[in-house]
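Enquirer: In case you want the letters, here they are:
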Amino acid sequence: MTYAIETRGVCRRLGKRFEIRDLNLGIPGGSIYGFLGPNGAGKTTTIRLILAQLRAQEGEITVLGESIPASIHRVLLRVGFVPERPHLYPGLTVDETLDYHSAFYPTWDGGRAENLVRGFGLDRSLRVARLSKGETGQLMVVLALAQTPELLVLDEATEGLDPVVRREILEALVDYVSQQDATVFISSHLVHELERVCDWIGFMDDGLMVADMPIKDFKEGIKRLRVVGAPATLEDPPFVLLSREAGDGVTEAELWVVRGWEAPMKSYVEGVGATLREVIDLDLEEGFVELLRTARAPKQ
Amino acid sequence: MFEHLDPRSPIPLYDQIATRIRSAVAAAELAPGDVLPSVRQLAKRLRVNPATVVQAYRELEREGFVEMRQGAGTFVREVGGARRKQARSEQAKRLVRALLKEAARVGLDGDEIAGALQRELGGTA
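Protein chains in written order, with the working numbering: chain A, 55 to 354; chain B, 5 to 129.
Bound-form chain A, shown alone:
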């Protein structure tokens, strides 16, 4: 598999504290990769390392086959970036902003910019300072897509925007990748939004990757089980037991959250003398919460 973004053993420390620890990422080319994690997990720091806005103390980073930070200037011509905080000149109008940006990119597509501006209903003569938060977000997306990037990096780009604007932005992204063979790396904590559109997901917590896999594998493999009569310790379970707790306080059933579950494993549960009452599917958000809970539980 070729990776649009690859990191190996990347560490970044700030003073004594690790911001990023031993980061090994592989973003498959052509994927829409959802980069999830709570606020403060290190998502923005990771993105800034990838785009050479910060330097790693250890490790290697490759973006679109080029080494970072050495080749960042070449790479940036092929990468569209929508940062968490827009950096635009407030005194320029929408039109002037487009003109200004187009000068940097040989692959600039004026027609696409035009269509997007019309689609979003942006007023071209308005100064950036007068744009609403939603319009500013839309303009950032226009700038990123008009440069015809091979890789799009969005850092909480729809954060704090209203649902209508968020939807329009996602539609524009989907429309772009249907035409261009591009990779999208999108960080967010709005899990539901990514559930529709991503084919890969990575979870980060406290500077560490907690999971990284096709979304299909994640959703198929993580389950909540209702179990009755299990022994206190389990010998060599074929799945990863993420958590185990007394059920609802009314029935005797315990609730287990497991990873790597497959239907035949029922026989293991029965083999230890327990009864499997129910296998409950978790959606991405529930799975995410369970993973975090486990990652954060004190080690015994």
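For the record, the hints were derived by calculation from the structure and aren't laboratory data. Just so we're clear, the structure is a prediction, and the values are computed from it rather than from any experiment. Check before you lean on any hint, since a few could be wrong.
[Unchecked claim] Only pairs whose alpha carbons sit at most 16 Å apart, straight line, appear in this in silico EDC-like list of lysine to aspartate or glutamate:
| hint | chain 1 | residue 1 | chain 2 | residue 2 |
| --- | --- | --- | --- | --- |
| 1 | A | K270 | B | D19 |
| 2 | A | K270 | A | D260 |
| 3 | B | K105 | A | E332 |
| 4 | A | K187 | A | E138 |
| 5 | B | K105 | A | D335 |
| 6 | A | K187 | A | D216 |
| 7 | A | K270 | A | D337 |
| 8 | A | K270 | B | D10 |
[Said to hold, decoys possible] Facing chain A, from chain B, some residues (calculated, C-beta under 10 Å):
| hint | residue |
| --- | --- |
| 9 | L9 |
| 10 | P11 |
| 11 | S13 |
| 12 | S42 |
| 13 | Q45 |
| 14 | A47 |
| 15 | K48 |
| 16 | R109 |
| 17 | G119 |
From the three backbone atoms N, C-alpha and C, an ideal C-beta is built for every residue, glycine too.
Position chain B against the provided structure of chain A, taking the given hints into account.
Expert: The following block gives chain B in isolation, referenced to the frame of chain A:
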């Protein structure tokens, strides 16, 4: 037609999309020769990964419901009465399975469900 897509469901989105189209063909809502939305149009409308739409269309093509013509689009094929009937019965089976799963969860057995079903259908039980 795609109002009830549920990204949170464990049923993959491509499967949900394929099921909707299959049902529409079975119910003759889609007629032979009808053209399906392009991958780009449908992906944008549903805000799903274009690869998901492609996967759904490929699945339907493999099953003989549609034909993908390079550059022209995806067309509904003539589906025989037997095939349509089979698609409808698959749909019914899926609904019943979901019902039985829910029933097992709350501890109802097959007889109780069958009885309730008959009463709801207006039969005698």
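Enquirer: All hints are to be evaluated individually against the structure, with a verdict given for each.
Expert: Structure-based check of all given hints:
1. A:K270 - B:D19: Satisfied, since the Cα-Cα distance of roughly 12 Å is no more than 16 Å.
2. A:K270 - A:D260: Distance of about 25 Å is beyond 16 Å: violated.
3. B:K105 - A:E332: 9 Å, holds
4. A:K187 - A:E138: The given pair, whose Cα atoms are some 12 Å apart, holds under the 16 Å limit.
5. B:K105 - A:D335: Answer holds: K105 (chain B) to D335 (chain A) is near 12 Å, not above 16 Å.
6. A:K187 - A:D216: 9 Å, holds
7. A:K270 - A:D337: 11 Å, holds
8. A:K270 - B:D10: 14 Å, holds
9. L9: With a closest approach of 8 Å, the L9 (chain B) hint holds.
10. P11: 4 Å, holds
11. S13: 8 Å, holds
12. S42: 8 Å, holds
13. Q45: 9 Å, holds
14. A47: Where the cut-off is 10 Å and the nearest Cβ of chain A is about 5 Å from A47 (chain B), the hint holds.
15. K48: Holds, because the Cβ-Cβ distance from K48 (chain B) to chain A comes to roughly 5 Å (cut-off 10 Å).
16. R109: Where the cut-off is 10 Å and the nearest Cβ of chain A is about 6 Å from R109 (chain B), the hint holds.
17. G119: Check failed: Cβ of G119 (chain B) comes no nearer than 23 Å to chain A, outside 10 Å.
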